[in-house]
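Colleague: Below are the chains, spelled out letter by letter.
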Amino acid sequence: MISASELTKRYPEGREALRDVSFEITAGEMVFLTGHSGAGKSTLFKLLAAIERPTSGHVLINGQNLAALRRNAVPYLRRKLGLIFQDRKLLFDRTVLDNVLLPLAIVGHPVREARRRALAALAKVGLPDRENTLPIALSGGEQQRLAIARAVVNRPAILLADEPTANLDADSAAEILAIFRAFQQVGVTVCVATHDLPVLSGPPPRVLRLHKGEMRDLSAAAAGTP
Amino acid sequence: MKAWIGQHLTALRDALRRLLAAPLNSLLSLLVIGVALTLPTAGWLCLDNLRQATGDSPGVQQISIFMTLDVGKSALSDLESRLKDARAGSWRFVSREEALKHLQASEGMAEIVASLPKNPLPDAFIVTPDDTRPEALESLARTFAAWPDVAHVQLDSAWVRRLDALLRLGKLVVMLLGILFAGALVTITFNTIRLQILAQAAEIELAKLIGATDAWIQRPLHYFGVLQGVLGGLCAALLVTVGFHLLRAPVGELAQLYGANFVLQGLSPLDITALAVVGGGLGWLGASISAAMYLRRVA
Numbered sequence: 013m014i015s016a017s018e019l020t021k022r023y024p025e026g027r028e029a030l031r032d033v034s035f036e037i038t039a040g041e042m043v044f045l046t047g048h049s050g051a052g053k054s055t056l057f058k059l060l061a062a063i064e065r066p067t068s069g070h071v072l073i074n075g076q077n078l079a080a081l082r083r084n085a086v087p088y089l090r091r092k093l094g095l096i097f098q099d100r101k102l103l104f105d106r107t108v109l110d111n112v113l114l115p116l117a118i119v120g121h122p123v124r125e126a127r128r129r130a131l132a133a134l135a136k137v138g139l140p141d142r143e144n145t146l147p148i149a150l151s152g153g154e155q156q157r158l159a160i161a162r163a164v165v166n167r168p169a170i171l172l173a174d175e176p177t178a179n180l181d182a183d184s185a186a187e188i189l190a191i192f193r194a195f196q197q198v199g200v201t202v203c204v205a206t207h208d209l210p211v212l213s214g215p216p217p218r219v220l221r222l223h224k225g226e227m228r229d230l231s232a233a234a235a236g237t238p
Numbered sequence: 381m382k383a384w385i386g387q388h389l390t391a392l393r394d395a396l397r398r399l400l401a402a403p404l405n406s407l408l409s410l411l412v413i414g415v416a417l418t419l420p421t422a423g424w425l426c427l428d429n430l431r432q433a434t435g436d437s438p439g440v441q442q443i444s445i446f447m448t449l450d451v452g453k454s455a456l457s458d459l460e461s462r463l464k465d466a467r468a469g470s471w472r473f474v475s476r477e478e479a480l481k482h483l484q485a486s487e488g489m490a491e492i493v494a495s496l497p498k499n500p501l502p503d504a505f506i507v508t509p510d511d512t513r514p515e516a517l518e519s520l521a522r523t524f525a526a527w528p529d530v531a532h533v534q535l536d537s538a539w540v541r542r543l544d545a546l547l548r549l550g551k552l553v554v555m556l557l558g559i560l561f562a563g564a565l566v567t568i569t570f571n572t573i574r575l576q577i578l579a580q581a582a583e584i585e586l587a588k589l590i591g592a593t594d595a596w597i598q599r600p601l602h603y604f605g606v607l608q609g610v611l612g613g614l615c616a617a618l619l620v621t622v623g624f625h626l627l628r629a630p631v632g633e634l635a636q637l638y639g640a641n642f643v644l645q646g647l648s649p650l651d652i653t654a655l656a657v658v659g660g661g662l663g664w665l666g667a668s669i670s671a672a673m674y675l676r677r678v679a
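First to last, the sequence lines map onto chains A and B.
First residue of the first sequence: 13, per my numbering; consecutive thereafter.
First residue of the second sequence: 381, per my numbering; consecutive thereafter.
Each hint should be verified, as a subset may be incorrect.
[To be verified] A few chain B residues that face chain A, going by a derived Cβ cut-off under 10 Å, partial list only:
no. : residue
1   : W384
2   : Q387
3   : E583
4   : I590
5   : G591
Just so you know, the hints here were simulated from the structure itself, not pulled from any lab data.
Backbone N, C-alpha and C define an ideal beta-carbon position, used for all residues, glycine too.
Take these sequences, add in the hints, and give me the full structure.
Modeller: Below is the structure:
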């Protein structure tokens, strides 16, 4: 589903954010990308979402090489991804429903069908009957759930989240992760970048650890393979 | 196809919503655009009226052929056949008796005419040429003057030429004004769209991140520009119509004092449509330049 090989990202000022990173995420997997701040998590998130391009190496998503993607093909790739941004990027002058409708409007769904889907997505993340509220009236955890509803409303096969539990209390964070788990269970590939590994019920998740731009696959190490 | 129409309708609705979201701002922009379009439109309309007035009023593009005083009946019919051969246009014969009667009817002239020992007026032909270009009129006048028994040919050619030159100059001025104000309209739209984009920077950035194409982002902005231009054009049409309506009575009165029956013509429905289309086109131009520049900077 997602495959990165020898990924290096060097910024113009000379800082090397990622060095020779390779990994593979199979369809339906849930993977945590950890490392303390500055380890390169956000950079990797941006490379996977084709927001930035790698200096060398390549990323394949669904067999599509992002490095070779033409500029006008990028929007169509993004529509296949559910993106949850670190700063959430909610539109505070639009209602909750309008926020969730935006990705559907971009794709051009008929209005009635779009509305039905958006309401379903809101119900799925636990925000039913809040569609006419403005985002400012939501708590931090609710805002994050709104961001998730917006990311999944297009039913993407891949969900990429950058620090979705930052600034949330433990209960809210657990709720958010439970929502991700639920999506994974229906076949969505979920990749979560986070600086602190959450405590999760169920089988231990796979963890990819970034340290100063280099990667170690913790679960692979635990299984005894180099 | 249905989805495509749907997207355009959504963009149009979006543009309308943005226009109505700041009614005072929108109204001010519309007024500025309206005033900018009013000046060249009014100028053009004035020229059009002037052309019509001079084209219709008698005496301007007519040639009078005055015969010698002692001319005989045969000479008159000879001239008439010459006119027929020359295919100069239509003509009217005014006999010397008729001319005298006409003069007597004029205010204050009756006594003078009565004191005259004999009729001093000659027989005359008044020709209304088909071809009213100044050069053609002059060449016709030269031809008439060379005919026998013709005492004098009168063509107010200097006046016609002056008017023609004046009209041409006016046309040029109106055209320059038009270009200037078209530029102003494009600039105004460019700026309003730039402000729109700045106000929606967060929304545009997010839309791009979650898969919006440049076309999708630009569409409502283009519609906004077109809408503003069209409404500005209609605003100009309204201003011109009101202005000309106010001028109609005084102009008619003035024309009557000069003995002319002239009605000031306002904008026709076709003119109003053209104004809206031109406004919309210029608005689209301003909006697309603005949107393209911004999106290039973002990318």
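Colleague: Decide, hint by hint, whether the structure agrees.
Modeller: Taking the hints in turn, this is what the structure says about them:
Below 10 Å, beta-carbon pairs count as interface contacts, and W384(B) has one with chain A at about 8 Å; its hint therefore holds. Interface hint at Q387(B): satisfied, since its Cβ lies 5 Å from the closest Cβ of chain A, which is below the 10 Å cut-off. The beta carbon of E583(B) comes within 6 Å of a beta carbon in chain A, closer than 10 Å, and the hint placing it at the interface holds. The criterion of a C-beta within 10 Å of any C-beta in chain A is met by I590(B), whose closest approach is roughly 5 Å, and the hint holds.
A cut of 10 Å between beta carbons decides the hint on G591(B): the least distance to chain A is about 4 Å, and the hint holds.
Consistency note: the structure conflicts with none of the earlier hints.
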